[in-house]
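Engineer: Full structure from sequences and hints, please.
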Amino acid sequence: MPFEKFPVEGVTSEETPRHTAEKQEKKTFRKALHKWLIGGTLLLGAVEGGHLLSRWREGAFVKPEDYVEYVEKEKPLEDNEKQSLYNKLKYLKERFSGAPLREMMDGDKESKKAKRESKTTEVSGFETLGFTSEEIKNYLLNPAFYPRGWVGDSVPRVTLERKTLVDAKGLLAQTHKLSGEIRFFLLDEDKQELERLETAGIEKQKEFKLLRLGGLEAAFGHELGHANSWSGSNNLTPLERANLLYQTTLAFGEAQGQPDSFRTHYVETISKSDPQIEHYAKVTEWYAELCGEYFNHPNSLKRHPQEFEFINAAIKSQDPDFDPFKAGKLKIGQKVDILESTPKNGR
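Residues in the sequence shown are numbered from -13 upward in steps of one, following this note's numbering.
The set of hints was computed from the structure by calculation and includes no laboratory data.
It is possible that part of the hints are untrue.
[To be verified] What follows is a list of derived Cβ distance ranges for each label pair:
#, residue 1, residue 2, range
1, D309, Y77, 31 to 37 Å
2, E295, E147, 34 to 40 Å
3, D307, E60, 52 to 58 Å
4, D305, D246, 26 to 32 Å
5, H251, K149, 20 to 26 Å
6, P245, K192, 36 to 42 Å
7, S110, P62, 39 to 45 Å
8, D52, R289, 37 to 43 Å
9, E147, S70, 44 to 50 Å
Since this is a predicted model, take the numbers as computed values, not measurements.
All C-beta atoms, glycine included, are put in the ideal place defined by N, C-alpha and C.
Structural biologist: As structure tokens, this is what we get:
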């Protein structure tokens, strides 16, 4: 199955670094995004991939009544519940076509298969960046840092491999829309800079490792949102999937035009030839951006109360005990442990 990927055929206008209006507050974190590999860039892409776009082109849609029928195979609905669900699905179909409904159905079927398999997340390839698999598991994939089940249940593997793109350096990431597998691609590094770091002092090496952690963390929070969306989650029921997409679409619409709304250059620059595809791409990426901000900068996101309340309620509906502020404090301690393990002559 194709991935909901960040484009790998070339750098487009959609592949710009993510940033928000809080420039001063996020100066250090943006440094990690932009400089985590010397001169590097965290590349982002849009939902189109090849997977969903093909759904539009092939007309592989699902009608609202068909999705209601699918929901009832798992749980019979009262007449009023059935009508409410139908109205929400009709609303979504009018804005996006029936392709996302098919995507939710496919995602639910995929999740049922995944639940019969191992919940251990496989990790590989991060030695290239100077991290052991154990360090990645203890920091990037630590279940204590995220809502219950978001890593172990919905992300079967996380990998990193080298890739070459013309005029591009840094990190590129992609998420399989249905299975939840997350792939990082390490683009061409500045080899001269890396050679200098080989002989640099321990503090310089720690700084460099910290920047790399920041880049990985930022990308992972966004990708984890995709892996636990209405199409990617292995924990949502068909009814919950529809409700999440409906609520996200409403919240995205309400946020537009508000002076204090949460915005990212990445989402605002998404452009598609078809308005339905563009709208859905923006809603999907906005949700992932909110998840990343919620996990990595909850205090900053609280400056946008409407969006914070939305994503906080959405996540707590799945894990009522999750606290992003407490998780953030735990991350700091784990990050210190990783930095202290930096060898004197190694990355």
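Engineer: Against the structure shown, which of the earlier numbered hints fail to hold, in ascending order?
Structural biologist: 3
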